[in-house]
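Required output: the full structure, derived from the provided sequences and hints.
Same order as they appear, the protein sequences are chains A and B.
My numbering applies: residue 8 is where the first sequence begins, and numbers increase by one.
My numbering applies: residue 1028 is where the second sequence begins, and numbers increase by one.
No wet-lab data here; the hints were simulated from the structure.
One or more hints might be untrue.
Straight line, CA to CA, 27 angstroms or less: simulated DSSO-like cross-link-like pairs of lysine-lysine [claimed, not checked]: (1) B/K1095 / B/K1124; (2) A/K48 / A/K29; (3) A/K78 / B/K1124; (4) A/K59 / B/K1124; (5) A/K48 / B/K1106; (6) A/K51 / B/K1136; (7) A/K74 / A/K59; (8) A/K16 / B/K1069; (9) A/K43 / B/K1124; (10) B/K1084 / B/K1106; (11) A/K48 / B/K1095.
To be clear about the criterion: a stretch of chain B counts as covered by chain A if any three or more of its residues have a C-beta under 8 angstroms from a C-beta of chain A, and this derived list gives those stretches [unchecked claim]: (12) 1064-1073; (13) 1125-1137.
From the derived model, a few chain B residues whose C-beta atoms are all more than 10 angstroms from chain A [as the list claims (entries may be wrong)]: (14) L1040; (15) Q1041; (16) E1042; (17) G1043; (18) S1047; (19) N1049; (20) T1076; (21) G1081; (22) R1088; (23) L1089; (24) K1090; (25) H1101; (26) A1104; (27) K1106; (28) E1108; (29) T1112.
Just so it is clear, CB atoms sit at the ideal spot from N, CA and C, and this is done for glycine as well.
Below are the chains, spelled out letter by letter.
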Amino acid sequence: DTAVSQTPKYLVTQMGNDKSIKCEQNLGHDTMYWYKQDSKKFLKIMFSYNNKELIINETVPNRFSPKSPDKAHLNLHINSLELGDSAVYFCASSYNRILRLAGNTDTQYFGPGTRLTVL
Amino acid sequence: EDQVTQSPEALRLQEGESSSLNCSYTVSGLRGLFWYRQDPGKGPEFLFTLYSAGEEKEKERLKATLTKKESFLHITAPKPEDSATYLCAVREAAGNKLTFGGGTRVLVKP
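Here it is as structure tokens:
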């Protein structure tokens, strides 16, 4: 069973193009995230949505726009791609209602990643 | 601002040679320290969550411990399949954000 899935796995495009990455989770979570992993392997949070509402918006160029049509999906649209956008983008999800009520923190589960290469 | 530092950056071990990875952190109110394993070309795979100083968790050859300033991931008698990058992350008391360290790349040679 695929828990957190992303498409596409690889994306190669020219500078200036607009592209989207899709993410879906079947874990029943209601919080989803986008992370960027650069060439030095640092994972940095970009955005987080809870029940379709934006709750984390780090310092990210406004060329990046997340969209959450429902709590199982969080897509990332990138306008006017630049060379520096080349990285691996990971989607994650969390928030189990039972654990939340028990006071435990929420474990984030990650997708397989999308490697974006901007030429 | 939360900071997470992992050491060493890379670790080469012989099969069976036990070792420890370090994760030092500064956070205003810890609400969970997470360990993940990441294989090349894949997403981080959850290993452990630790909530308070003194807590320990084990899974096969891995054992994670937590103090007020750092966490250790002990690998006992590692096997080649334990080769991966191990990531540490902290969640602060306010909010959902995870702050990751740079990871420790572990290579276990047969």
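Structure-based check of each hint:
The straight-line distance between the Cα atoms of B/K1095 and B/K1124 is roughly 19 angstroms, inside the 27 angstroms bound, and the hint therefore holds. For the proposed pair A/K48 and A/K29, the alpha carbon gap of about 22 angstroms is at most 27 angstroms, so the pair holds. Our distance criterion of 27 angstroms between C-alpha atoms is met by A/K78 and B/K1124, whose separation comes to about 18 angstroms. Proposed proximity of A/K59 and B/K1124 is supported: the alpha carbons are some 17 angstroms apart, at most 27 angstroms.
Taking the CA atoms of A/K48 and B/K1106, the gap is about 24 angstroms. The hint holds against a cut of 27 angstroms. The suggested pairing of A/K51 with B/K1136 is violated, with an alpha-carbon distance near 31 angstroms, which exceeds 27 angstroms. A distance of roughly 8 angstroms separates the Cα atoms of A/K74 and A/K59; the hinted pair therefore holds under the 27 angstroms criterion. Among the hinted pairs, A/K16 with B/K1069 is consistent with the structure: their alpha-carbon atoms are about 10 angstroms apart, no more than 27 angstroms.
Note on A/K43 and B/K1124: the hinted pairing holds, with a Cα-Cα distance of about 13 angstroms set against a maximum of 27 angstroms. A C-alpha spacing of about 19 angstroms is found between B/K1084 and B/K1106, which places the hinted pair at or below 27 angstroms, so the restraint holds. Distance restraint check for A/K48 and B/K1095: the Cα-Cα separation of roughly 26 angstroms lies within the 27 angstroms cut-off, and the hinted pair is therefore satisfied. Here the segment 1064-1073 of chain B counts 6 residues with a CB under 8 angstroms from a CB of chain A, which clears the bar of 3, and the coverage holds.
With a threshold of 8 angstroms between beta carbons, the proposed coverage of the segment 1125-1137 of chain B by chain A holds, since 5 of its residues qualify and at least three are required. No beta-carbon of chain A comes within 10 angstroms of the beta-carbon of B/L1040; the shortest separation is about 19 angstroms. Against chain A, the non-interface label of B/Q1041 holds: every CB pair exceeds 10 angstroms, the least being about 24 angstroms. B/E1042, annotated as away from the interface, keeps every beta carbon of chain A farther than 10 angstroms; the closest lies near 25 angstroms.
Here B/G1043 stays apart from chain A, with its beta-carbon at least about 27 angstroms from theirs, past the 10 angstroms limit. At the 10 angstroms boundary, the C-beta of B/S1047 stays outside the reach of chain A, the nearest C-beta of that chain being 20 angstroms off. A cut-off of 10 angstroms between C-beta atoms confirms that B/N1049 is not in contact with chain A; the least separation is 17 angstroms. Not every CB of chain A is more than 10 angstroms from the CB of B/T1076 (nearest about 6 angstroms), against its label as outside the interface.
The non-interface label for B/G1081 is consistent with chain A: the shortest C-beta to C-beta separation is roughly 17 angstroms, beyond 10 angstroms. Once the 10 angstroms rule is applied to beta carbons, B/R1088 is consistent with being away from chain A; the minimum gap is 21 angstroms. The Cβ of B/L1089 sits about 16 angstroms from the closest Cβ of chain A, beyond the 10 angstroms cut-off, so the non-interface label holds. Consistency note on B/K1090: stated as away from chain A, and its beta-carbon is indeed over 10 angstroms from all of that chain's, at 18 angstroms minimum.
Under the 10 angstroms C-beta cut-off, the non-interface status given to B/H1101 relative to chain A holds; the minimum distance is some 21 angstroms. No beta-carbon of chain A comes within 10 angstroms of the beta-carbon of B/A1104; the shortest separation is about 26 angstroms. Distance check on B/K1106: its Cβ is at least 23 angstroms (rounded) from any Cβ of chain A, clearing the 10 angstroms threshold; non-interface status holds. The claim that B/E1108 lies off the interface holds: its Cβ sits roughly 19 angstroms from the closest Cβ of chain A, which is beyond the 10 angstroms cut-off.
Distance to chain A contradicts B/T1112 as a non-interface residue, since its nearest Cβ pair spans about 7 angstroms, not more than 10 angstroms.
Checked against the numbered hints given earlier, the structure breaks hints 6, 20, 29 and satisfies all the rest.
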